[in-house]
Structures are given as structure tokens and as C-alpha cells.
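Novice: Here are the chains, one letter per residue:
2 protein chains.
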Amino acid sequence: MKLNAFFHPAGHHIAAWRHPDAQADAGVNFRHYVELARTAERAKFDAVFLADTVAMHEGSLEAQSRAARYVAQFEPLTLLSVIAAVTERIGLIATASTTYNEPYHVARKFASLDLISEGRAGWNLVTSATEAEALNFSRDKHLEHGARYERAREFAEVVTGLWESWEDDSFVRDKASGRFFDPEKLHVLNHVGEHFQVRGPLNAARSPQGRPVIVQAGSSGPGKQLAAETAEVVFTAQQTLEETVAFYADIKSLAEKAGRSADAIKVLPGVQAFVGRSRAEAQDKFDQLQSLIHPAVGLSLLSGMVGFDLSSYPVDGPLPDLPETNDHKSRQALSIALAKRENLTIRGLYEKIAGARGHWTIIGSAEDIADQLQERFEAGGADGFNVMPPHLPGGLDDFVELVVPELRRRGLFRTEYEGRTLRENLGLPYPHHPAARVAQAAE
Amino acid sequence: MKLNAFFHPAGHHIAAWRHPDAQADAGVNFRHYVELARTAERAKFDAVFLADTVAMHEGSLEAQSRAARYVAQFEPLTLLSVIAAVTERIGLIATASTTYNEPYHVARKFASLDLISEGRAGWNLVTSATEAEALNFSRDKHLEHGARYERAREFAEVVTGLWESWEDDSFVRDKASGRFFDPEKLHVLNHVGEHFQVRGPLNAARSPQGRPVIVQAGSSGPGKQLAAETAEVVFTAQQTLEETVAFYADIKSLAEKAGRSADAIKVLPGVQAFVGRSRAEAQDKFDQLQSLIHPAVGLSLLSGMVGFDLSSYPVDGPLPDLPETNDHKSRQALSIALAKRENLTIRGLYEKIAGARGHWTIIGSAEDIADQLQERFEAGGADGFNVMPPHLPGGLDDFVELVVPELRRRGLFRTEYEGRTLRENLGLPYPHHPAARVAQAAE
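Chain order of the listed sequences is A and B.
Once you know that position 247 of the first sequence is 247 in UniProt numbering, the rest is easy, because the numbers rise by one and skip nothing.
Once you know that position 66 of the second sequence is 66 in UniProt numbering, the rest is easy, because the numbers rise by one and skip nothing.
No lab work stands behind these hints, which were simulated from the structure alone.
Be aware that a few hints might be false.
To be verified - Where chain A lies over chain B, by a calculated footprint (3+ residues, C-beta under 8 Å):
| no. | region |
| --- | --- |
| 1 | 67–73 |
| 2 | 174–181 |
| 3 | 225–238 |
| 4 | 346–352 |
Claimed, not checked - Below, computed lysine to aspartate or glutamate pairings styled on EDC-like, alpha-carbon distance capped at 16 Å:
| no. | chain 1 | residue 1 | chain 2 | residue 2 |
| --- | --- | --- | --- | --- |
| 5 | A | 185 | B | 88 |
| 6 | B | 185 | A | 62 |
| 7 | B | 175 | A | 424 |
| 8 | B | 175 | A | 140 |
| 9 | A | 44 | A | 324 |
Where a beta carbon is used, it is the ideal one built from N, C-alpha and C, also for glycine.
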């Protein structure tokens, strides 16, 4: 079972920063992250995984000023470079958008992190779908779904092409003859496509794992297809066992149709686990965080979800009839159905949604949590999990001290790293250089 | 006297990587950089300064494969983040181009480095003028000079504007009331200009030095004007004392005309110093590196300089008559004049040019070097220097062990850091937030 430690600054739960033990300045406190990474490495997690958004999240100023999400936090690549310096074995996965970046920069920064960490970098390839991001990059609105994925596909092609600029043994560095690299081992990309023209070569050597591991989180049709063709790790949000198993089978079969081995793509659903020494203690931990969701934050999140401003309705009253919406059709319908099914007030509904924001949430003792992870793992629903501690550092400590030993007792999780690189630890194949490609002179 | 340590991977001299003591894999060896940074910090240098180019340098494959310049090396921001983790006081200056970047990314990454290092980051603002870079960013040729500087000016305006998204004390993080930031202290940029539309705010807090220090190296008319308006440190290449003093006076007077104090902009020329325990030893060190310039590298560099391919001419023969050129007019004329004046062969000419590439080169004992630095410093030519060790780590060790103590004996250089931030050590004013600006709601 593979395990990544997925970190929002103060934790995954929307109210995490208000937890009594939370580091409220977590987003700009690098010692906090250093401690988290060291804890995760001691527990032999595969990787630290950082989300990202190139904008503050939308919402009313009242809600923004209470939510603490993407408001003031480190940029992931600079932060992971620091973490690379203070760890030795754990992988380092950062998110970078294909929508508002240039492939040469992304290829180079991840190659640099991969070299600095001696083969521990991973790139979480995402597309940007919020207007807040578009407005920071000279656009009036965000790219529509199809265009985003077309750009993402070509972006990934350019990045992987740039990562093949050099064969593994290109750099001879022979001082006596004055030969720094073997000209035969340089491969110039010369990419000309719909969205990008990139000549190359990349001015960075290959790393001990060949190239960074590619992670992706697409769940739509085009998203899954892109993942099946390019991703080595798939990060996904699934609620029920049935959905989880179906998604897993779908991704593996799409990968095989794309000519890849099912083993070369690992599916790691997200899980927010509240762990206690007893079930009651775990439930208390959950209830404590839920009670800290400020109504302004919950209402703003729910309003965004249903495409309608609920801030003037009483939070302890019922969900009003909502006007039809174009942009949020399916999420609106799901929210209405959930409120109806469980007879929820507005508060009840946002409490269901805000805490985990779509990710599987489980509450219980170490045995309970291990049972549930084991079930999904053995049922063919997961190759492992992205563990999203509800609050930090406490939620990570709970998982490491209680759940990890239980998983080890069951023979499900490693006691020592298998390899030196992220790729080796994840059990992914080494991406051999396509050196058969005809070498082209740089000019 | 302010001193930065300016590092190319193996050293500033073109043949540095071939030096017997050089780290030939310097560009991808982070332990090498960690050692350099620690040495520079022990000597109380103001900052480590890294150059950058987002492409491999142009030239014949034969010359490229021998020159080792920008071929395989870390990206500066990821590298400086690592260095931030292993140092405490020294500044961290990285180059980032305004031509092929987005201001939001640059503002954010430097803000992140500034927070990680607790106020030690500097941004060296450059424009990109090579075709090799253009071709990596979906362009057929590089932007012409005027357009590059117009874009750079607006870019700098957006970046500094984003760095003012938050007042110093914006983040109250009051767990009890659930208030993370004070909405009154958020300032949304809403920039709409010729090249960029950027709403903001930046999702990063201000750092202990307010914002990163801005460094610039413009020497042309528009370059100097931009520096006078925006730069806090000016990096420049000057040969003679007269030129140095004239440039210094020019920059300071332009800054005053732009409404700034002359003290708020520090001029630091580059200097490549060959230091020995005797003059003869210093000269030997110089001769040794000069003898390691491979003819293919020297010819390629000189050909680029004069705009004419010299590779088929005998290196020990005279410079042939050169056809007129548009792109390289002034550099061609300077090269022809230098060859004529000193009666140089092609080899003699490229040896003059290749080693230091325009920077002031001095050779001598510690006293000689200190004399020359002191002369320029006291004549009003420099507030300090960008020290460019010819080879690394040896050239830095020589400067630190021999020249720095001599400068201290003369009372010219610090024995302890004056402040905690780069800005404090450079003696630059704190950039107070223009909080009088009307606060605007995020939405």
C-alpha cells in the first residue's frame, strides 16, 4: 500500500486553522513544514504532496477573511526545495497548472527539484478552472473544459519531451580533452504544435529517477483519458466502495488501451481520517472541527457549490428553492438531493460538504481506519491513499502513531523504503530514454 | 563596502570547469553550492547572486559541448530555496526574466523565497535578448530592445504592486473569533496595462524586509532609466576607473531625478579577481585558466561577438577583414580596434574577451586587489562589488582568505552582519506599505 501525505497548511478540514493545537501561521511557517515532512519520512510515507492555486479563492471578503485557504502560503516548488534539503528519502510532489504556465519553465523547475532531491520529485499536472486564476494572468475568464485539456495534453507532451533532451550518460566532463558533453547524446525537441512552439533542449540533466513522476487528478472523461495516457499516479476523490472500485478499473483499463501496463499507473484516492484511541475519541475530534466551521465560510462554500448566494437565508432553516444554473448543474442537484434525503438545514448541508470538500472521510479507532483502507485496497479500489490529515500536525501524528503500526501489523505497509527514488518506492518502471530517436544538432 | 558573491557553477572564467580543482559537475551538485554559500556567509558577504538563462547558449555543437555554460544546471529559485535552509544571514539573489515570465508567478516565487529565508531574497530583473530563449517560448525571434524594456517596466510595476497586496499586520489569525485576516488590510491590485491584466491579490504575505530587494543590470539608456526608477541594487560591467565613476554618477543622478534618494540605490560593478600570495602566483593562476580556453569555445564566443563565423580561419593568424554587420556593430568595432591596438592574433583576441566576458579583471596580491577595490570605492565609482570568482571553490576561498581580511584591516568591510535581512545589510530603506491607497474589496 502506497501512502502520500497530502498537506494543506493547517490541515485538510476547512476549519483546521482554528483548532487549538493548529499552527495558525502554518502557510508561511517553514519550520512547521519541515517537521511535517520529517514526521512523514520517519513513518516511510512515499511522498509529501502539496496542492496549489495561483490565486486567492473566490468568495465574499467576509468569508475569505475567515477561511484561510490559499490566502497566504508558500509557493510549492520553493517550499519543496527547502524540504529536499532537510529530508533524504521521502518523495516531493508539487502541483503546477498547465493553464497559466509555460512548459519550459515547468519542465525545468521540476527537473531542478528532481536533481536537488536526487530523484524524489513529482509533478501534479492540473488544469486551472477558476476565474480568480484567469484574472491574474491577463484573461477575462477561464478556458473552457475541452480547451484546457487540449492545452494540458500538449503541455505534458512538451514537458516529457524536454525531459528527454539528454541521455542518461550525456555529461562526460572530461577536463583533459575539454569535452563537457557528448554531442551525440543531446536531443533537441523542436516541438511545433497547436499551443506551443518549443525548440529545447532543456538546460538540465536527467536525474537518478530519469525524470519526475507525473501525478494527475482528472475525473472527467478527458481528465481520465489524459491520466491514462500520461499519469503515473492518479489522485482521486471517491466516496463509496463501489465508486472507488469502478474508477480504479476504469483507469487501469484505459491505461491498458493506451498501450501501458496497469502496474505503471497507481491509483491513490484521498482520505481524511479522524483517528482516536477509541471510536468516541475519534468522533469527538471530528465534532470539534465541525463546530469550528464559521457560518460565513460554510455559506460561502455552499453558495459557490449550488451557484446561488445563500448568505441572506437563516442557517438553521431549510434550503430554499434554487433557481436553475448552467455552471453548477450537477453539483447543485447533488446538494439538493443530499439535503432532501437527510432532511438537512442549510448549516447541516454545509457541514456535510465543507469539511472534506468531496474527499472520503472516515472516523474511528486505528483498527476501524485500517479495516476501511484494507477493504478498498484489497477490493481493487486503490493502490494506496493520499492521506489528508484533518488538522496539522496533530492529524498526521495520530495517523503515524496509530494507523501506520496497525497497517504494518497486517503486512500492508512498508517498514523501510524499498528504493532511493520516489519512482522506486512507488514501484514505477524506470522511463528509459528513447535514444533511438535521431539526434539532431542544436543548430 | 557591500560584497555579493556572484556564482556561475564552476566559476566565472569560461574555462573554469577544466581547472584541476574545479567541481566539473558543479551545475547539478547542490552540496557544492551549499559549501559556497556557507563560505560566503562565514565571510559576511551580503548575498549569493545567481545568473540565469532560460535556454542553452547558442553556438556550434562543437563549441557548446566544450563550454559548459547554461547546459546542465539548477534553476536558481529552487537552488536558492535549498540554500535558504542551510544558511541564516546571507542574502539570496536570483535572476528571473521579464520577457518570458508572468508577473504573478515571479512576484509569488520571490515572495515565497523571501518568507522562507525570513527576509533575505532579491530579484535580479532582466530582459531576455537571445533567440535561443525566444524559441523555447513559442516565439520566432526575441523582442526588440524597446519593446523588451516597455514590458519590463510594466512587469516591475505589477510585481511591486502585488507585493503590496497585504499590509504588514494583515494576518490577525484570531482562532476564537475565526478571523484570519483583517479585510481592511487587503489591497487588490486591479492592474490593467499594455502588456498585462492582473487583478491580484497575491496569495503571499509580506516578509520581514517588506518585499524582496530589486536588482538590475541595465546599461543602455532605457536600462539605466528603468534601474534609476525601480532598482535598489545595480549590477554593472565597467572596465576603467573613469567609466566606473561616470556610470555611478549617472545612475545616482537619474535616481534623484526620479525622486529617489541616491542612497536608496547601490551600484555594485562586477569584478573577477585573481588573487595570489604574490603577484607572480596570481599571474600563474590567471595564465593557467587562460591556457584552458579551448579554441572551439574561444572562436565561437568571438564569432558571436563580431557577427561573423571565424571557425575556418587559423587561430594564430590575424583577424580577417570583417563584413559589416547590423546586429553587432558596436561590439564588432570594439573587437577590431582592440586587435589592431594590441596587434592580436585571433587567439590573442578571444583570450582577451572570453575569460571575463566584459567584466573588470584584476590580478595581484591581496594588497593589490584591495588597493584597486578601495580606489574605485573611494573615488565614487562603487558602493561595493559583485565578486565573480574565476573558478570555484578555489577562487572564492582565495578572496575570502586573502582579500577580505585586508579589506577589514582597512576598515572597508564588515566583521559582522548589521541586520537580519538583506535589505538591512545593504543599508536600504524599508519599503513602507502605501496603505493610504484605498482598500478595495476582493469582489
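Novice: Given the hint that residue 44(A) pairs with residue 324(A), does the C-alpha gap stay at or below 16 Å?
Specialist: 48 Å, violated
Novice: According to a criterion of three or more residues whose C-beta lies within less than 8 Å of a C-beta of chain A, is the region 174–181 of chain B covered?
Specialist: Three-residue rule met by the region 174–181 of chain B, so holds; n is 5.
Novice: Against the 16 Å threshold, does the CA-CA distance of residue 175(B) and residue 140(A) hold or violate the hint?
Specialist: The given pair, whose Cα atoms are some 36 Å apart, is violated under the 16 Å limit.
Novice: Assess, step by step, whether the Cα of residue 185(B) is no farther than 16 Å from the Cα of residue 62(A), and give holds or violated.
Specialist: 13 Å, holds
Novice: Need the status of pair residue 185(A), residue 88(B): alpha-carbon distance at most 16 Å?
Specialist: 40 Å, violated
Novice: Given the hint that residue 175(B) pairs with residue 424(A), test it: the Cα-Cα distance must not exceed 16 Å.
Specialist: 42 Å, violated
Novice: Examine the region 225–238 of chain B: at least three residues should have C-beta closer than 8 Å to a C-beta of chain A.
Specialist: It is violated, with 0 qualifying residues against the three required.
Novice: Closer than 8 Å Cβ to Cβ for three or more residues is the test here. Does the region 346–352 of chain B pass it with chain A?
Specialist: violated (count 0)
Novice: Are there three or more residues in the region 67–73 of chain B whose C-beta lies closer than 8 Å to some C-beta of chain A?
Specialist: Holds, because 6 residues of the region 67–73 of chain B bring their Cβ atoms closer than 8 Å to Cβ atoms of chain A.
Violated hints, in rising order: 3, 4, 5, 7, 8 and 9; the structure is consistent with all others.
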